[in-house]
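Each chain, written out:
There are 2 protein chains.
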Amino acid sequence: MKEFNLIEHFFKANSGQRKDVIIGIGDDAAVTHIPQGQALVTTTDTLLSGVHFLPDASPHAVAQKAIAVNLSDLAAMGAEPAWISLSLSAPSADEEWLKSFSSGLQELVDYYSIQLIGGDTVQGPLAVTITAQGFVPFEQAITRSGANPGDLVYVTGTIGDAGLGLAIAKNEQAQVSNKSMTEENKAFLLKRLNYPTPRLLTGTKLRRIASACIDLSDGLISDIKHILNMSQCGATINIDKLPLSSALFDSVDKERAVNYALSAGDDYELLFTVSEEQKGNLETTLASANIPVTCIGQLNGSVGKLELYDNGQPYKVDIQGYQHF
Amino acid sequence: MKEFNLIEHFFKANSGQRKDVIIGIGDDAAVTHIPQGQALVTTTDTLLSGVHFLPDASPHAVAQKAIAVNLSDLAAMGAEPAWISLSLSAPSADEEWLKSFSSGLQELVDYYSIQLIGGDTVQGPLAVTITAQGFVPFEQAITRSGANPGDLVYVTGTIGDAGLGLAIAKNEQAQVSNKSMTEENKAFLLKRLNYPTPRLLTGTKLRRIASACIDLSDGLISDIKHILNMSQCGATINIDKLPLSSALFDSVDKERAVNYALSAGDDYELLFTVSEEQKGNLETTLASANIPVTCIGQLNGSVGKLELYDNGQPYKVDIQGYQHF
Numbered sequence: 001m002k003e004f005n006l007i008e009h010f011f012k013a014n015s016g017q018r019k020d021v022i023i024g025i026g027d028d029a030a031v032t033h034i035p036q037g038q039a040l041v042t043t044t045d046t047l048l049s050g051v052h053f054l055p056d057a058s059p060h061a062v063a064q065k066a067i068a069v070n071l072s073d074l075a076a077m078g079a080e081p082a083w084i085s086l087s088l089s090a091p092s093a094d095e096e097w098l099k100s101f102s103s104g105l106q107e108l109v110d111y112y113s114i115q116l117i118g119g120d121t122v123q124g125p126l127a128v129t130i131t132a133q134g135f136v137p138f139e140q141a142i143t144r145s146g147a148n149p150g151d152l153v154y155v156t157g158t159i160g161d162a163g164l165g166l167a168i169a170k171n172e173q174a175q176v177s178n179k180s181m182t183e184e185n186k187a188f189l190l191k192r193l194n195y196p197t198p199r200l201l202t203g204t205k206l207r208r209i210a211s212a213c214i215d216l217s218d219g220l221i222s223d224i225k226h227i228l229n230m231s232q233c234g235a236t237i238n239i240d241k242l243p244l245s246s247a248l249f250d251s252v253d254k255e256r257a258v259n260y261a262l263s264a265g266d267d268y269e270l271l272f273t274v275s276e277e278q279k280g281n282l283e284t285t286l287a288s289a290n291i292p293v294t295c296i297g298q299l300n301g302s303v304g305k306l307e308l309y310d311n312g313q314p315y316k317v318d319i320q321g322y323q324h325f
Numbered sequence: 001m002k003e004f005n006l007i008e009h010f011f012k013a014n015s016g017q018r019k020d021v022i023i024g025i026g027d028d029a030a031v032t033h034i035p036q037g038q039a040l041v042t043t044t045d046t047l048l049s050g051v052h053f054l055p056d057a058s059p060h061a062v063a064q065k066a067i068a069v070n071l072s073d074l075a076a077m078g079a080e081p082a083w084i085s086l087s088l089s090a091p092s093a094d095e096e097w098l099k100s101f102s103s104g105l106q107e108l109v110d111y112y113s114i115q116l117i118g119g120d121t122v123q124g125p126l127a128v129t130i131t132a133q134g135f136v137p138f139e140q141a142i143t144r145s146g147a148n149p150g151d152l153v154y155v156t157g158t159i160g161d162a163g164l165g166l167a168i169a170k171n172e173q174a175q176v177s178n179k180s181m182t183e184e185n186k187a188f189l190l191k192r193l194n195y196p197t198p199r200l201l202t203g204t205k206l207r208r209i210a211s212a213c214i215d216l217s218d219g220l221i222s223d224i225k226h227i228l229n230m231s232q233c234g235a236t237i238n239i240d241k242l243p244l245s246s247a248l249f250d251s252v253d254k255e256r257a258v259n260y261a262l263s264a265g266d267d268y269e270l271l272f273t274v275s276e277e278q279k280g281n282l283e284t285t286l287a288s289a290n291i292p293v294t295c296i297g298q299l300n301g302s303v304g305k306l307e308l309y310d311n312g313q314p315y316k317v318d319i320q321g322y323q324h325f
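Chains as they are written, first to last, in the UniProt record's numbering: chain A, 1 to 325; chain H, 1 to 325.
Note that these hints are calculated values from the structure, not bench results. Some hints could be false.
Here are the simulated lysine-lysine pairs, DSSO-like style, with alpha carbons at most 30 Å apart [stated by the list, open to error]: (1) H:12 to A:19; (2) H:254 to H:316; (3) H:19 to A:225; (4) A:316 to A:170; (5) A:179 to A:191; (6) A:316 to A:241; (7) H:225 to A:12; (8) H:19 to A:205; (9) H:12 to A:225.
Bear in mind the structure is a predicted one, so any value in this text is a computation, not a measurement.
Construct the complete structure from the given sequences, taking the supplied hints into account.
Dropping the structure here:
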């Protein structure tokens with residue numbers, strides 16, 4: 001493995017070919033061009049073995065999830081993705097592992113028409129850091145701070161799936177449910193955990209419609225608080241409105257399903273807010289793009305306060321979102 | 001440490017204030033503006049405890065080195081730095097450690113007028129990944145691939161210091177030298193190891209003058225080969241011309257000093273090539289900016305071949321640069 005440059009060997013050929021990449025992998029740094037009228041959007045996320053994925057997770061899934069969670073952050077800003085950089089820490093240069101990881105990476109590079117423009121490899125504990133860069137038209141980025149009292153709260157897709165998926169991946173399904181789970185449901189839930197789909201199209205459609213947006217990585221309760229704090233609002237959330245997949249709902253009792261939806265995180269759906277005036281515009285825009293969204297509550301003026309209701313009755317939970325430390 | 005966002009708490013206040021940062025730390029991603037006529041330059045590097053710095057290294061130095069090695073990559077492209085993102089993996093949220101790390105980071109943010117625009121924290125083995133972004137005017141980036149046979153080979157500053165610095169940091173100076181080392185020399189060599197200075201001004205001065213450039217991170221022999229391979233050249237290097245500091249030269253015998261200079265890496269000086277026609281232009285430009293450079297050899301047409309001479313005699317060494325795996 002002497003003189004072995006992993007990035008060069010495993011990733012250069014698969015790195016994509018965008019016209020806006022002037023210098024890609026193989027120099028001291030990458031050189032790229034931003035289109036006129038667009039702002040640069042940048043995000044960085046690290047996935048660490050044993051923390052963000054199970055040590056026996058497939059390298060193919062690890063690569064895809066590491067990219068997806070970063071693209072999800074771009075989606076939450078309304079940005080479209082362009083380039084990624086990779087820092088890979090791995091205990092050894094295991095060729096099988098790297099091939100699988102590289103093929104996972106290449107699939108998403110192709111699918112999203114992005115390009116791997118550089119990176120670094122170190123010998124160490126298994127960890128993947130991706131920096132994703134993209135664009136958004138000037139002044140159209142969707143922040144966490146633009147929401148107002150009265151705005152409606154929406155989420156895309158279904159939530160809570162990845163939480164149960166993690167229990168299944170850890171073989172703990174008997175501990176969380178006495179219902180039997182179908183193989184099909186298990187496969188769906190595991191896919192939601194291991195292969196999250198960043199809501200990139202939704203993000204671009206929400207430009208100039210949503211007042212605020214965040215992606216659900218740490219859990220709804222944890223993540224909505226960022227919007228409440230930064231927008232100086234409170235919120236009521238109707239837990240009877242939470243969009244739960246039939247795979248989740250059929251596999252565990254209702255309270256547990258709701259708990260996953262509120263606190264498990266890792267779903268990478270978007271949570272966003274829309275003024276009453278934009279509601280019609282939103283629904284037309286998303287319906288024409290076939291994007292499933294659900295209104296789950298409304299903002300109010302009680303700064304930082306989050307109230308949960310179940311069919312109009314106050315709902316008590318004692319759960320926290322994901323803690324980084 | 002509940003609900004404790006390290007990046008927000010320790011780094012937001014110290015992150016700098018650039019007018020081209022529209023959205024900085026605290027949202028899903030950062031939004032920044034690139035000046036017209038400039039290309040974006042991006043690089044990522046990870047420093048891992050026990051590999052790239054000693055486990056007992058001061059957090060202040062770790063922060064500064066992690067930034068410096070990335071800015072050095074921008075310097076090698078002729079770029080000026082603008083923004084950095086940080087992914088910090090740490091075993092615990094140790095307040096003293098984080099304060100020291102954060103103060104080291106802030107000093108460089110202020111010194112280089114850059115801004116920390118985002119990042120991620122994870123609980124894990126101590127590792128610091130920085131992504132640095134900067135600009136270079138369109139078509140003025142300096143690559144590794146533009147050199148031609150006949151071009152002169154230069155390095156900035158002095159090389160080999162960090163190699164001996166590392167031996168001192170590991171308390172191995174008695175094993176590498178039977179000379180006594182002065183405290184002043186030791187301090188200088190340790191500073192070269194722990195606080196490398198990216199050659200940013202030099203990089204910008206070399207635009208349209210240098211034909212190729214790389215920063216010396218893995219050692220001269222290892223790094224020049226990237227230029228030779230990518231530019232399809234060979235080189236002769238005169239080891240009697242290598243710029244050695246008096247601190248290095250006074251502390252070890254000549255052969256070891258040369259070995260450090262050729263192979264130890266971590267000096268973060270620039271190695272660059274200049275055509276004979278540009279030689280005068282180069283020397284005037286750098287002299288007026290008071291930048292020390294030394295011509296150490298010349299390129300030729302023997303593709304990929306590196307020959308070393310000592311006062312005209314072939315010089316044999318059996319050394320390799322830093323191996324990432």
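Outcome of the hint check:
A C-alpha spacing of about 35 Å is found between residue 12 of chain H and residue 19 of chain A, which places the hinted pair above 30 Å, so the restraint is violated. Pair hint residue 254 of chain H plus residue 316 of chain H holds up; C-alpha atoms about 14 Å apart against a cutoff of 30 Å. For a cut-off of 30 Å, the pair hint linking residue 19 of chain H to residue 225 of chain A stands: about 28 Å separates their Cα positions. Under the criterion of a C-alpha separation no larger than 30 Å, the hint pairing residue 316 of chain A with residue 170 of chain A is consistent with the structure, at around 28 Å.
Proximity of residue 179 of chain A to residue 191 of chain A is assessed by CA-CA distance (about 20 Å); at most 30 Å being required, the pair is judged to hold. Taking the CA atoms of residue 316 of chain A and residue 241 of chain A, the gap is about 16 Å. The hint holds against a cut of 30 Å. Pair hint residue 225 of chain H plus residue 12 of chain A holds up; C-alpha atoms about 18 Å apart against a cutoff of 30 Å. Between the alpha carbons of residue 19 of chain H and residue 205 of chain A the distance comes to roughly 28 Å, so the proposed pair stays at or under 30 Å and holds.
The hinted pair formed by residue 12 of chain H and residue 225 of chain A meets the criterion: a straight-line CA distance of about 18 Å does not exceed 30 Å.
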